[in-house]
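The hints should help you fit chains B, C and D onto chain A, whose structure is shown.
Protein chains: 4
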Amino acid sequence: MSDFSLPIVPRFAEVDAQNVVFNAHYLTWFDEACTGLLDSLAVAYPDLISDGYDIQVVHSEIDFRSGVRWRDAVRVTARATRIGTTSFTLEFTVLSSTGGAEERVAVRGHNIYVVVSTEDWAKRPIPADLRDALSRTVTG
Amino acid sequence: MSDFSLPIVPRFAEVDAQNVVFNAHYLTWFDEACTGLLDSLAVAYPDLISDGYDIQVVHSEIDFRSGVRWRDAVRVTARATRIGTTSFTLEFTVLSSTGGAEERVAVRGHNIYVVVSTEDWAKRPIPADLRDALSRTVTG
Amino acid sequence: MSDFSLPIVPRFAEVDAQNVVFNAHYLTWFDEACTGLLDSLAVAYPDLISDGYDIQVVHSEIDFRSGVRWRDAVRVTARATRIGTTSFTLEFTVLSSTGGAEERVAVRGHNIYVVVSTEDWAKRPIPADLRDALSRTVTG
Amino acid sequence: MSDFSLPIVPRFAEVDAQNVVFNAHYLTWFDEACTGLLDSLAVAYPDLISDGYDIQVVHSEIDFRSGVRWRDAVRVTARATRIGTTSFTLEFTVLSSTGGAEERVAVRGHNIYVVVSTEDWAKRPIPADLRDALSRTVTG
Chain A
1 MSDFSLPIVP RFAEVDAQNV VFNAHYLTWF DEACTGLLDS LAVAYPDLIS
51 DGYDIQVVHS EIDFRSGVRW RDAVRVTARA TRIGTTSFTL EFTVLSSTGG
101 AEERVAVRGH NIYVVVSTED WAKRPIPADL RDALSRTVTG
Chain B
1 MSDFSLPIVP RFAEVDAQNV VFNAHYLTWF DEACTGLLDS LAVAYPDLIS
51 DGYDIQVVHS EIDFRSGVRW RDAVRVTARA TRIGTTSFTL EFTVLSSTGG
101 AEERVAVRGH NIYVVVSTED WAKRPIPADL RDALSRTVTG
Chain C
1 MSDFSLPIVP RFAEVDAQNV VFNAHYLTWF DEACTGLLDS LAVAYPDLIS
51 DGYDIQVVHS EIDFRSGVRW RDAVRVTARA TRIGTTSFTL EFTVLSSTGG
101 AEERVAVRGH NIYVVVSTED WAKRPIPADL RDALSRTVTG
Chain D
1 MSDFSLPIVP RFAEVDAQNV VFNAHYLTWF DEACTGLLDS LAVAYPDLIS
51 DGYDIQVVHS EIDFRSGVRW RDAVRVTARA TRIGTTSFTL EFTVLSSTGG
101 AEERVAVRGH NIYVVVSTED WAKRPIPADL RDALSRTVTG
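Residue numbers (the working numbering), protein chains in the order written: chain A, 1 to 140; chain B, 1 to 140; chain C, 1 to 140; chain D, 1 to 140.
Hints are supplied without guarantee of correctness; some may be wrong.
Note: identical chains are not told apart, hence a pair may lie in one copy or across any two.
To be verified - Capping the alpha-carbon separation at 25 Å, the derived lysine to any residue pairs in SDA-like fashion look like this:
| # | residue 1 | residue 2 |
| --- | --- | --- |
| 1 | Lys123 | Glu61 |
| 2 | Lys123 | Arg108 |
| 3 | Lys123 | Arg104 |
In case anyone wonders, no lab produced these hints; they're calculated from the structure.
Isolated chain A (complex conformation) (with noise of 0.2 Å):
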């Protein structure tokens, strides 16, 4: 299983007049966090592009549970939870804490990716690397 997990400091940007995090920005959050788990795997992205690959978002779907805050400290977790033939799916929790409180869930989604060729576009099968990269991130 991962441990992995993208630390993240919300800007001021990104709060809104509601004085949480935008809904937004927390897709954006996932895309660090995708790219944070790949490096931390070893299996960089632009490593990926130049061997004639590339992962698109295909689908995505999130939980708000409670707004994050300017200035708690948030993390967001990331691991995979399927690997098929030319997708998989990664899960990401974003956790946070106000005021050095216990964390709490505030955020949970996932995004399916899917593989393909730089070349056509076409689906492709996820790349020896990555699938056994991924594979070691995966909760049994």
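Below, chains B, C and D alone, put in the same frame as chain A:
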């Protein structure tokens, strides 16, 4: 049935290095389409607030079918697909046309909104005005 | 003199916890106004690119006079104030009206743009078409 | 002199179709660097607010020297360069390193801030604590 759609000019700043609009921005567009839909139904969001209500997104699902490019002609349709006691669902479709070609469905998604009181932030039944307005957009 | 102005609907996501549009977004609006101005002059940015030119912002100055609020009626005017050999200056004024009141100058700023070749990214004289078009917007 | 600098991980969502960080985002980075500088000086922004003060950006100037790329190692330095009666100036320098190469100055700019009362939003003399703290960052 609602014919509501909000025209969107994709911003250069929203297009990423893959030359398509970055996924998070669609949630911002959904938010603008929600506001526009309520305006078109004469149930302005500021009026809700001054009546002591607010609406919060508690769940989002998004299907990304094809990328929206800079200078595409874009509009986002919005309509209610479910109206519960304290929550309702709005469905959004991003229709995009490149270089004058026929519109294609680029992105489709929905948000589940919960009505809360601005006094105690607890759930409240959907106010009658809002319920009636949303009902007029539900497809049978 | 140019009469060009671009209507802007301030997005809820652009409004920060101080209930005004966050300062960085004005640069995004300036960018859209630049594109709009060039379009209105029939010098589309994509045509510049296909001719082997690009324009880059090298300097920005912005005066923030009063905050723009959500649901203000906003437009951004744009016109050239200086046309040099390889660079030109566009001035932008954000005019905002709250609740139907008279427009006020909320923000004023300018960007200095340099014309570069997309081949070697070195400076190039402003193409004649672009120069002529910009000249039509300069106030005497 | 202040040694303060804020590490920044450029987000994929901040990189535009020209493969460099879009210009508006530097103002967001400046804002985060301002917050970070004040924190490092033990003059937290929330404390200012609870004391009845706020600070507002009234003027920005930015020189864009070279583009910041995705996965560059970036930090933003911040220090006061002028401390007036009711306003002060912070200078920001974005230092960027690509692929382990030496840091270069990618962007340099400054913001002028005015201290206001949150009661009447009129200008106020800079509070003594803030003045003392900023003074420690001014280069002689």
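Hint-by-hint comparison with the structure:
In this homomeric assembly, Lys123 and Glu61 come within 25 Å of each other (Cα to Cα) both inside a single copy, at 22 Å, and across copies, at 22 Å. In this assembly of identical chains, Lys123 and Arg108 lie within 25 Å of each other by CA distance solely across copies; the values are 21 Å between and 27 Å within a copy. In the homo-oligomer, the alpha carbons of Lys123 and Arg104 lie at most 25 Å apart only across protomers (20 Å), although the nearest pairing inside one protomer, at 37 Å, exceeds that limit.
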